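Participant: Listed below are the residues making up each chain.
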Amino acid sequence: MMNQRASAIALVLLLIAVALVAVGLGVGSTGFESILHAVDDPVAWQIVWNIRLPRTLGAWVAGALLGLAGAVAQGLFRNPLADPYLLGSASGASLGVALSLVLFGVSPFATQWLMRLGLTAGAFAGAVAGVLLTLLLAKGVQHTLRLLLAGVIVGVVLGAAKELIMLARPDFLQSMQSFMLGSTGYVGWSAFNIMLLTWLLCMGAAWLLSPVLDGLALGEATAASLGLPLARLRRALVAVLALATGAAVAQTGLVAFVGLAAPHLVRSVVKTSHGRLIGLSSLAGGVLLMAADILARWVIAPQELPVGVLTALLGGGYLLWLMHQRGLSRGVM
Amino acid sequence: MSIALSAQSIRASLGDVEVLHGIDLSLVAGRWTSIVGPNGAGKSTLLKVLAGLLPHSGTVTLLGQPLSSLPGRVRAQQLAWLGQNESSADDLTVWDVAMLGRLPHQPWLSSPSAADHAAVEQALRATQAWDWRARALGQLSGGERQRVLLARALAVQAQVLLMDEPLANLDPPHQTDWMGIVRALVAQGSTVVSVLHEVSIALQADDVVVMANGRVLHHGAAHHPATHTAVEQVFDGRISIHAVADQWVVLPRL
Numbered sequence: 001m002m003n004q005r006a007s008a009i010a011l012v013l014l015l016i017a018v019a020l021v022a023v024g025l026g027v028g029s030t031g032f033e034s035i036l037h038a039v040d041d042p043v044a045w046q047i048v049w050n051i052r053l054p055r056t057l058g059a060w061v062a063g064a065l066l067g068l069a070g071a072v073a074q075g076l077f078r079n080p081l082a083d084p085y086l087l088g089s090a091s092g093a094s095l096g097v098a099l100s101l102v103l104f105g106v107s108p109f110a111t112q113w114l115m116r117l118g119l120t121a122g123a124f125a126g127a128v129a130g131v132l133l134t135l136l137l138a139k140g141v142q143h144t145l146r147l148l149l150a151g152v153i154v155g156v157v158l159g160a161a162k163e164l165i166m167l168a169r170p171d172f173l174q175s176m177q178s179f180m181l182g183s184t185g186y187v188g189w190s191a192f193n194i195m196l197l198t199w200l201l202c203m204g205a206a207w208l209l210s211p212v213l214d215g216l217a218l219g220e221a222t223a224a225s226l227g228l229p230l231a232r233l234r235r236a237l238v239a240v241l242a243l244a245t246g247a248a249v250a251q252t253g254l255v256a257f258v259g260l261a262a263p264h265l266v267r268s269v270v271k272t273s274h275g276r277l278i279g280l281s282s283l284a285g286g287v288l289l290m291a292a293d294i295l296a297r298w299v300i301a302p303q304e305l306p307v308g309v310l311t312a313l314l315g316g317g318y319l320l321w322l323m324h325q326r327g328l329s330r331g332v333m
Numbered sequence: 001m002s003i004a005l006s007a008q009s010i011r012a013s014l015g016d017v018e019v020l021h022g023i024d025l026s027l028v029a030g031r032w033t034s035i036v037g038p039n040g041a042g043k044s045t046l047l048k049v050l051a052g053l054l055p056h057s058g059t060v061t062l063l064g065q066p067l068s069s070l071p072g073r074v075r076a077q078q079l080a081w082l083g084q085n086e087s088s089a090d091d092l093t094v095w096d097v098a099m100l101g102r103l104p105h106q107p108w109l110s111s112p113s114a115a116d117h118a119a120v121e122q123a124l125r126a127t128q129a130w131d132w133r134a135r136a137l138g139q140l141s142g143g144e145r146q147r148v149l150l151a152r153a154l155a156v157q158a159q160v161l162l163m164d165e166p167l168a169n170l171d172p173p174h175q176t177d178w179m180g181i182v183r184a185l186v187a188q189g190s191t192v193v194s195v196l197h198e199v200s201i202a203l204q205a206d207d208v209v210v211m212a213n214g215r216v217l218h219h220g221a222a223h224h225p226a227t228h229t230a231v232e233q234v235f236d237g238r239i240s241i242h243a244v245a246d247q248w249v250v251l252p253r254l
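Line order of the protein sequences matches chains A and B. The opening position of the first sequence corresponds to residue 1 in this note's numbering, with each subsequent residue numbered one higher. The opening position of the second sequence corresponds to residue 1 in this note's numbering, with each subsequent residue numbered one higher.
Honestly, the hints are just simulated from the structure, not real lab data. From a predicted model like this one, the values you see are computed outputs, not experimental measurements.
Some, not all, of what chain B presents toward chain A, calculated at C-beta under 8 Å:
(1) K48
(2) R75
(3) A76
(4) W81
(5) A89
(6) D91
(7) L92
(8) D96
(9) L100
(10) L103
(11) P104
(12) L109
(13) A136
Taking CB as the label site, the calculated pair distances span:
(14) G138/B <-> A19/A: 31 to 37 Å
(15) G189/B <-> W321/A: 54 to 60 Å
(16) L217/B <-> R146/A: 32 to 38 Å
(17) N79/A <-> Q122/B: 33 to 39 Å
Don't be surprised by glycine CBs; every beta carbon is placed ideally from N, CA and C.
All chains, full assembly: derive it from the sequences and hints.
Facilitator: In structure tokens form, the structure reads like this:
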């Protein structure tokens, strides 16, 4: 019965995603006109094919990566408040971007692919370095609480280092802000392809590792008693978490709340095993970010809102509502 | 008389504090052994050591082989574990939880086999949890959850079953049912070891291990007077054991 319900939810999420792609192709300064003339007008074709489509699909896959990472993080840490940025990846990526800006002068507004690559590489290298530093500080992945604490410490320290750099070079503040607020505006086909490949890889690995998360939900001792090589499998899960988060952050900046909210959204409608939860959270994350991206383009068009601001508002609002509902159902306000 | 599980010179610590001080113990196969003792005696720690879940010095032998030399999967097939109050699996369904007991038997990447399904159904029916199989664990009461977790341990179909306070949250009828399940397992040749605070039920076992201060004070047949004396002494004489209707009943000395 749960399988059927999970399949139905997956189908609904996919249908919403397809509908949003159609809407996303039409949202922009030239509106649906560009779609209507895409066949006979090369400029309209460029706008639809090379700008709107990769951006819309990119928003979906970035959200899918964050949703996947969120479900893995919450299962790994056995904590529903865990989010993909917990292991130092967000602060590491921020520091990586800050260093790239200062050392190479690359800007999020730059269009040349080499400059974009520099920034993306900086963010990804920073995210990976942040996670590695967390693992070093936690002396491996054996102790969940130590890992969580190390992630918080790395977040604070790397965040402070980034702030120091920004204080020394205030001329890069605006560029940095663009990264910190999250944006899908720079996602082209190459960025989409990188994220899609990473998503396929991470989804496959997370699916294979999902029984470990089910076992861990029964407690460390029970999971170990089931013969699971926990240390090795935890390392693999942390790698999935870091890779998925790093790939999304490197391409779209720090998009808030999608990774935290997507698994909660799924859990509120279906109780299921981690294998299905990860898949559904990924689909939900994709829909959330794509919807937020379209909204960000549309609300004050032709200007744009940073998508991270919208996801924080919508995701935060949703979580508050969820807490309120749960409080009501338990007779607690 | 074969030995299912034995411990030689076991020492184990929690943090910097040594809580087991050189334990030697041999548990006979095909019998139910209860471990009793006051709080802090080291009962749960000993059970974890016997299950290979806690670092220790000394040797634990499972069915004739050193536990440390067994691959994790083989150990998990031969020895099942039911811990206390560890679960946070509120979102998993009862069926999914019970099916986790089959993990040691399933090759990686493979779906559950017909035998896995049969074992899970049998375990859920034995604990009367079959009717809730589609419900999430978080939607059950404490006693109902405990029966599902017991089903998970039973689904392993291991030769040795270790249970730490398995009666927590169970009402008296279901405590009786639990004893029925244990008796059926033992009749089939399985070995059951349980840490119990319900001393009256512990005395229904075949053998009783009495512990205090990280040491085994006594190990003997449950019906033997020496065992009763050891149990009364370890609780500072504040309980007394009486025979009532062919059963041993523990009463507090008021």
